[in-house]
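Number of protein chains: 2
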Amino acid sequence: MENFTFYAPTYFAFGRDQELETGQYVKRFGGTKVLIHYGGGSVVKSGLLDRVKASLSAQDIAFVELGGAQPNPRDGLVYQGIELCKQENVDFVLAVGGGSAIDSAKAIAAGAKYDGDFWDFYSGKVVEKDMALPIATVLTIAAAGSEGSPDSVITKEDGMYKRGASGEGLRPVFSILNPALTETLPAYHTAAGITDIMAHLLERYFTNTKQVEATDRMIEGHLLAIINEAPKVIANPNDYEARANIMWTGMMAHNNSCGVGRQQDWASHDIEHELSAEYDCIHGAGLAVVFPAWMSYVYKNGIMRFAQLATRVWGCQMDFENPERTALEGIERFRAFLKSIGMPATFADLGAREEDIEKMAERCVYGNGRSGTIGGFVKLEKEDVVQIYRRML
Amino acid sequence: MENFTFYAPTYFAFGRDQELETGQYVKRFGGTKVLIHYGGGSVVKSGLLDRVKASLSAQDIAFVELGGAQPNPRDGLVYQGIELCKQENVDFVLAVGGGSAIDSAKAIAAGAKYDGDFWDFYSGKVVEKDMALPIATVLTIAAAGSEGSPDSVITKEDGMYKRGASGEGLRPVFSILNPALTETLPAYHTAAGITDIMAHLLERYFTNTKQVEATDRMIEGHLLAIINEAPKVIANPNDYEARANIMWTGMMAHNNSCGVGRQQDWASHDIEHELSAEYDCIHGAGLAVVFPAWMSYVYKNGIMRFAQLATRVWGCQMDFENPERTALEGIERFRAFLKSIGMPATFADLGAREEDIEKMAERCVYGNGRSGTIGGFVKLEKEDVVQIYRRML
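Heads up: the protein sequence lines correspond to chains G and R, in order.
As numbered in my numbering, residues 1 to 393 make up the first sequence, in order.
As numbered in my numbering, residues 1 to 393 make up the second sequence, in order.
Take every hint as true, because none was put in to throw you off.
Note that identical chains are pooled: a pair holds if it fits in a single copy or bridges any two copies.
Straight-line distance between alpha carbons at most 35 Å, and here's what the computed DSBU-like set of lysine-lysine pairs gives:
1) K86 <-> K113
2) K27 <-> K113
3) K210 <-> K53
4) K300 <-> K339
5) K45 <-> K210
6) K129 <-> K86
7) K125 <-> K113
8) K33 <-> K129
9) K27 <-> K129
10) K86 <-> K27
11) K232 <-> K379
12) K125 <-> K27
These are calculated hints, taken from the structure and not from any lab test.
All of these numbers come straight from a predicted model, not from anything done at the bench.
Let the sequences and hints guide you as you build the complete structure.
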């Protein structure tokens with residue numbers, strides 16, 4: 001295990017009706033003038049936004065609003081939000097929504113306290129604790145884990161670079177997780193969220209660090225929980241209990257408690273980001289196409305690790321004479337699981353085009369200052385990325 | 001799943017040589033005058049105390065010292081520590097040691113900011129955030145989980161009541177976890193620590209709350225990691241990697257991330273506390289005797305839950321025609337595991353006496369303001385506790 005530090009000081013209020021306490025939590029964490037940032041219509045139509053605003057007003061907390069955060073959130077709206085925060089002397093940013101609204105809110109919170117261009121943080125500068133306004137979330141989809149992570153991903157419209165920033169200042173001070181708020185999600189979005197959660201676990205699972213049983217077992221446990229609960233919510237969107245189990249797992253999957261002290265991979269996320277930047281597909285749906293393709297391309301670099309995943313998580317029998325067969329069976333079970341929850345499997349399913357492969361692979365490994373390789377478990381060059389995209393055709 | 005809040009803002013620095021940064025972390029978290037609280041000779045003899053003091057001095061941080069914390073820490077030393085803090089205007093308490101030094105330090109930190117008797121917190125008063133001086137730890141044994149928990153257990157010498165306090169103010173602001181510091185522990189202490197970690201997981205596992213797959217899987221994962229790593233450190237005390245896996249699991253086992261939203265049990269801890277209060281045995285060793293006895297007494301109240309543990313964690317085959325057989329096999333595997341790492345199994349092994357059973361059972365369910373029952377999974381009355389003690393003979 002490698003040396004590490006771990007610090008996850010987000011306060012979580014979990015359960016039914018917790019959003020009614022939003023104003024009290026904002027007060028507790030020092031907010032006096034809030035930017036409420038959200039996405040599209042569902043937050044408005046469902047009445048959630050009104051409940052949150054009423055809760056702030058009940059505590060005499062002033063607020064301004066900015067809606068319009070979309071999946072794969074763009075820098076254009078971030079600049080608007082930063083401007084609004086500066087004009088209105090906002091001292092606290094509250095995201096109401098899913099990963100897109102939260103990531104956009106994080107970018108706004110960082111930019112609002114920074115004299116330069118917020119994109120600096122997304123092209124490599126670390127965000128320290130005091131380099132962003134405090135942010136908080138009212139979560140509406142179990143997926144991104146951004147409610148408990150120090151990470152944010154934004155797409156720069158000029159060049160369509162989708163890039164991430166990470167830093168202590170981007171970890172929410174509090175997050176409200178009410179599983180009932182996710183019951184109205186379309187099945188496809190629910191399944192894409194589930195896929196995103198699994199991907200966060202698998203990006204950490206594939207490592208060359210030896211003897212990391214503690215975190216291996218945590219990741220495997222989270223995956224087993226997801227595999228058990230996902231079919232329930234696909235069959236019955238109003239299964240509160242299954243929603244609750246997925247929601248807590250989604251946070252734990254990405255707060256990095258199961259990723260500490262080990263090298264991680266993240267090539268699949270990089271490869272996917274080009275797809276969602278190019279075609280505006282849902283990130284989780286893109287991951288459903290990318291991850292098995294990546295697995296089938298790299299598994300020979302770690303057959304025993306893939307076999308461990310297959311036996312411990314997918315319930316495969318270990319073939320002791322031919323571990324490779326077990327490794328491959330695990331990948332096939334993952335594919336079948338993704339299909340069973342309605343996720344896409346190919347480029348065509350995503351509306352992606354073969355003729356864009358070259359461009360995406362180039363941007364993926366060289367774009368926005370990258371050095372020519374991606375991935376921690378297996379280092380991939382441009383030609384590898386091309387081959388992985390081709391496996392999705 | 002029940003509604004819950006979760007807040008675990010401890011900063012962890014994990015790995016080799018991290019204790020050399022103690023002074024920098026104390027500074028970062030605002031300490032200017034520190035009480036260093038520790039136990040017996042090993043912290044002194046190993047040179048750890050000197051390294052910590054040098055690290056404080058390098059940051060120009062003043063300190064006073066109080067040694068002498070013993071296993072099953074007593075209120076007498078706590079009062080001394082509180083007095084010292086008040087005399088010396090201490091504003092930060094640093095524990096260097098295991099659960100005993102840490103729990104004692106927590107009690108001192110609470111008492112030093114409180115005008116009344118610190119015992120108030122241990123007889124039921126909640127410790128709020130600002131009701132204790134900030135505390136931090138340099139951990140020397142993987143066991144109690146106190147390095148990442150808001151809990152502390154102290155024995156009141158008058159009546160030998162061993163009782164716990166819990167509250168946000170008792171959660172360390174930072175904890176330094178260097179697995180190498182645990183390599184010099186005697187095998188018996190290492191094994192007792194391992195047992196304590198497993199007990200923290202099992203106390204949370206046994207619940208009547210339904211549909212808690214997310215936390216079930218986390219607990220099972222932590223147990224599987226412990227079961228895999230424990231034999232390695234018993235065979236080779238210098239196995240740093242196994243020590244590291246156990247240390248991180250030990251913290252995760254008790255920071256309550258795997259206990260949220262579910263009723264928990266804790267009867268075995270209550271029953272054990274009477275043993276360690278009475279005979280001054282090591283808490284983890286006491287738990288090795290108590291937990292299987294408790295299990296054998298209560299398992300009929302939750303055969304399928306015991307069968308789940310047996311199959312998922314102990315690798316038992318599920319007997320679908322007779323789940324009770326599987327449940328019992330799981331308990332026997334647990335007993336065998338504890339024996340394999342050198343833990344005691346009976347009253348005699350602990351130096352406990354049959355003639356004290358009545359007194360201990362009385363104190364356990366009625367002592368220090370208790371209402372006559374203990375336990376969340378199965379409510380136990382005095383006669384039940386007597387029967388459980390008798391199973392340890």
